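> Next come the chains, spelled out residue by residue.
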Amino acid sequence: MAQNSDRELVVLLQQGDLEALGALYDKHHRLVFRTILGIAKDAETAADVTQDVFLRLYRFADRVDPSRPLQPWLYRVAVNQANSWLRRRSRWLRVLQEMAGWLSTGAKPTPEAQAEREDEWRWVGEAVAGLPATQRAVVVLYYVNDLSVREIAEILGIPQGTVKSRLHYGRLSLKKELGLPDERPVGVQYEAT
Amino acid sequence: MRPHSRWSSDAADPLIRRTLRSWVSSVGPPSAGKKRLLAAAWLASANRSSKPKATRSTSADLAETLLGVVATAFADPVENSVQRALAGGVAHREPYNFLTGHVRRDGWHPFSFGIGLLSVIR
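As they're listed, the protein sequences go chains Y and A.
With my numbering as the guide, the letters of the first sequence map in order to residues 52 to 244.
With my numbering as the guide, the letters of the second sequence map in order to residues 21 to 142.
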């Protein structure tokens, strides 16, 4: 089953074959997980949203065209689901942060929180998470998934110029956060979209 | 050089790429992810396959309701009970008379209730 092409697996999936779903998960779950992790920053969330993406693939298999590559479909759903999660979270986070601030005024950080803060990669995650959601999706697809500007434009359904603009501003922010020199030439202007 | 062509030749790109990839690679997807997914998908398919049963149940309910309507019609010979039963017990109403302003009392209450409900919705 694992040797079957995506096309064959999608056709089997459309017939309700759970084994085909497992094979597609084996083939693609890492790229989906990493994309969502890049956008959502949190591994637990990335695991949940990854499962949601593959459940959607199973549920809406009849809407997937087997003759077309599956990866763009997976990327699109992964980005949409991750962004939906971010929107839901930001709604609740505001309320929870206010409550937490009210409850823990003057409280010292716990040892677990201290250890988490010292996490080796935390600063990178925070640099990416500091980008606006629209820039974050583009930056992750470009740098993590190594997709071209044209592919990102097709996946997100936006013009290539918008992708380039978001990449430009995303990169500027990342360079600043990661402490890299900005070598932007004088006179180059991008319209923020 | 076109402004956007700089994207592929920026000195910081390889470093950003390497840093972001190292970050996402430092956390792997859960090992039990596949089992969880297949269990959830199996559950979803089980729910989906049980839906026709629910449809049959709805059809049975509808048949039962219609049977009730007919039974009520035969059991209530005084008024036009089929219409009455189908209308949920609301009797035939005389139309509103604009000259006298008269509305049959048993029709006025549902009418005013409807107006009130619309106001609340708006």
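You may find that some hints are simply not true.
With the C-beta cut set under 10 Å, the calculated list includes, among others, these residues of chain Y facing chain A [said to hold, decoys possible]:
id, residue
1, E95
2, L106
3, R142
4, W172
5, Y220
Simulated from the structure, these hints should not be mistaken for laboratory data.
Computed from a predicted model, the values in this text were never measured in an experiment.
Even for Gly, the Cβ is constructed at its ideal location relative to N, Cα and C.
> Need the list of violated hint numbers for this structure, in ascending order.
3, 5
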